[in-house]
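So you can see what is in the structure, the chains are spelled out below.
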Amino acid sequence: MSVDLGLSPDQESIAELFDGFFTNEAPPAVARAAEPLGFDRDLWTKVIELGAPGMGSAPENGGGGASLGDLVVVAETVGRSIAPIPLVDHLAALSLLTDEDLISGESIAGVAVRRADANGVWSLVPTGAVANVVIGIDGDETVVVRSTPPMSGPRNHGSMPIADRSAREGTRIVLGPASLFDVVLDRWKLLTAASLVGIADAAKELGVAYVKEREQFGVPVGSFQAVQHGLADLPVAIDGGRLLTHKAAWALDTVTDGLIDWANNDITDGPALATMALLFAADAAVMATDRSLHYHGGYGFAEEYDIQMYYRRARGWSLILDDPTTVSLSLADRLFGPVEG
Amino acid sequence: MDFSLSPEVVEFRDEIRSIVREFVTPEIADRMHTTGVFDAPELNLELGRRGILERACPGLGKGDPIEMYVMFNELEKAGAPYDGLAVALMIAAVVNKLGTDEQKERIIPSIISGEALVCMGYSEADFGSDVASIKTRAVKDGDEWVINGSKMWTTLAQVAEWLILLTRTDLDLPKHKGLTMFILPMNTPGITVEPVHTLGTEVTNATWYDDVRVGDEAVLGGENNGWRTMTTVLAFERGVMGGTNAGVPLLRHFHEWAVANGVFDEPTTRERMARSVIDMQVATLLTMRSAWIAASGGMPGLEGSMTKVFAVEAYQRASRWTQATAGPAGLLQFHEEGAAGEGFVEYDARHSPVMSIYGGTTEINRNNIAERHLGLPKSR
Ligand SMILES: Cc1cc2nc3c(=O)[nH]c(=O)nc-3n(C[C@H](O)[C@H](O)[C@H](O)COP(=O)(O)OP(=O)(O)OC[C@H]3O[C@@H](n4cnc5c(N)ncnc54)[C@H](O)[C@@H]3O)c2cc1C
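Top line first, the protein sequences correspond to chains A and B. The opening position of the first sequence corresponds to residue 1 in my numbering, with each subsequent residue numbered one higher. The opening position of the second sequence corresponds to residue 1001 in my numbering, with each subsequent residue numbered one higher.
Please keep in mind that the hints were generated in silico from the structure rather than gathered at the bench. Everything numeric in this text was worked out from a predicted model, so none of it was measured. Just so you know, even glycine gets a beta-carbon here, dropped at the ideal spot from N, CA and C. Check each hint, because a few of them may be wrong.
[To be verified] Some chain A residues near chain B, calculated using beta-carbon distances under 10 Å: (1) Leu17; (2) Leu231; (3) Val255; (4) Val339.
Sequences are here, hints too, so could you generate the full structure?
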């Protein structure tokens, strides 16, 4: 039969393992305690024991040989728990890096999602505060730089370990032309999309649980239709985002020379799908956190409640790449061809 | 997950594409907008003649179960008038699932050959969303049933051979329990059809039933079991049988016009277009999921609601921005000089509102998701 839109038995076990792990080891209190830096070394050490950092790397390099579909499942659990570890970026960076200390997770790899400026500075690298190794574009080359992480950075909306990093100072290796980096960025978009689906899903759960408990006018606020309808849109966006993310993983994993036949809605081009997934999942996470926060009433605005942490990360994790209009326009170039002249 | 179609299904899809190229001509599209009948008999017959309808009909076991989705998706993307076919095939599937052997033999061949259409009489003037409260009565008289009442929005009644009719058979039972579904020929004496014209050029109907007499052979799915038959229909209807990728031909028509008129290089247009392409992908993936669940033997009722809510709003968004971006040219109708997207931009702005109304409104679908997926208390 054609088409299988369920998780494989392996993926079901991966989801169960990681969801269970994060539920135990990284409840929201852990993310809260790790603010503002957004990094918990102990949690990273425990994740190393699960073999997560090298999961997607080739077995001959000591990795787990997991498919992108498997990594998507893991990234979604990271989003669901907003675990303060740089796993998504690390997994993306490792699409080109095979160093033993990175595959083991002993050292952390980060992705400079925007190219270096004229002075060779990668600004606001998403996990720049904690990464030992950063991969990105400098000039017209893909380079990887090993240097000491600052372990601090600008305080930010998403409590992310972001920091500027030099593309030139430290041990620098030129990997190849700038285009080589595409595979890293595609994977970063894909896994970030999956983690945003996870954020949206957790925000939905928080909102639904709250409106079932909270009573006004003598009934749960979740019995009001306006509230119900606002929440009913969330599983739709979440399922849509999850399907699109898995389709992108499937395409990146198995399709070469994919189709971009948008006029027939036939798209199997992995890079296009990864960007589409990121844009869609970012919207889903923003909508889910907006609505969930809103249906908490005033408590949603209180620092004490967890929904505000999801709200900030929904924006932080996606906007760190660029503004969505710019991302959409780059997608438009891929879908429709560049603007002529 | 695996999103690939098997070689057989790809071949099936390509065959449909080639039929579509031959049969879905501009004249056919024109005819649907002048007659208000969203159906192309010659297309149905060709699909029937080639065995494609039989292959695609769920439950007949002739092809890969995903093929029904593939077929309607292709027809919809091509802008073919397929509404008649969709209803007919859906009812064939329901007859196959719930009907007696005698009904299957009598009814299904006429549908999968592409000859007969079916119209659906559920809604009444006073009962739409609350369709379980309908008043049309069927009363037992000896071996016969006598049906009296009226229906509203009986689309395709002017051309259909069969009618599937929801009636009340027991006044004492709770409203969902006292219903019975019938399937009967439209030429049964006592049925009157009056046209109802719409904003989207489709002509639907009001229908009246005066002492319409049928035997037990017309009962579909059992006496007082009409609600179960209804939910079976709706599970097929919402999101598997097309109606979820209507924005695709619109984007194509708009794009042609925008490129020709130098509008397509505008960043705003490109951004909106890219966003709509994403929406269309998500809509088709949600549809595919419903189809996959149905193909794996499940009933995608809830997933169908989710698909419909999303797909309809995505189409409406696309319709809104394409018309706005086209400006005055987006106001011009078919065959008018300078009409954006050859008039489709204007047409879709008239057609898209109905999508969140028929087949269960968006509010009814949200209720369904809130109650059955999120587990929130019933709000009514
Ligand atoms: C072009 C067209 C073709 C159609 N074809 C057919 C057909 O072939 N066969 C057939 O049987 N029917 C058909 N219908 C009927 C269609 O299914 C109904 O229009 C639909 O179910 C809505 O019912 P209604 O029109 O009575 O609206 P109402 O039920 O009166 O709804 C009015 C408004 O109130 C909202 N509303 C109602 N109940 C609730 C609630 N519980 N919670 C929140 N909001 C609510 C609705 O969402 C809607 O916005 C067709 C309709 C159209 C327009």
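Which constraints among the numbered hints does this structure fail? Numbers only, ascending.
Failing hint: just 1.
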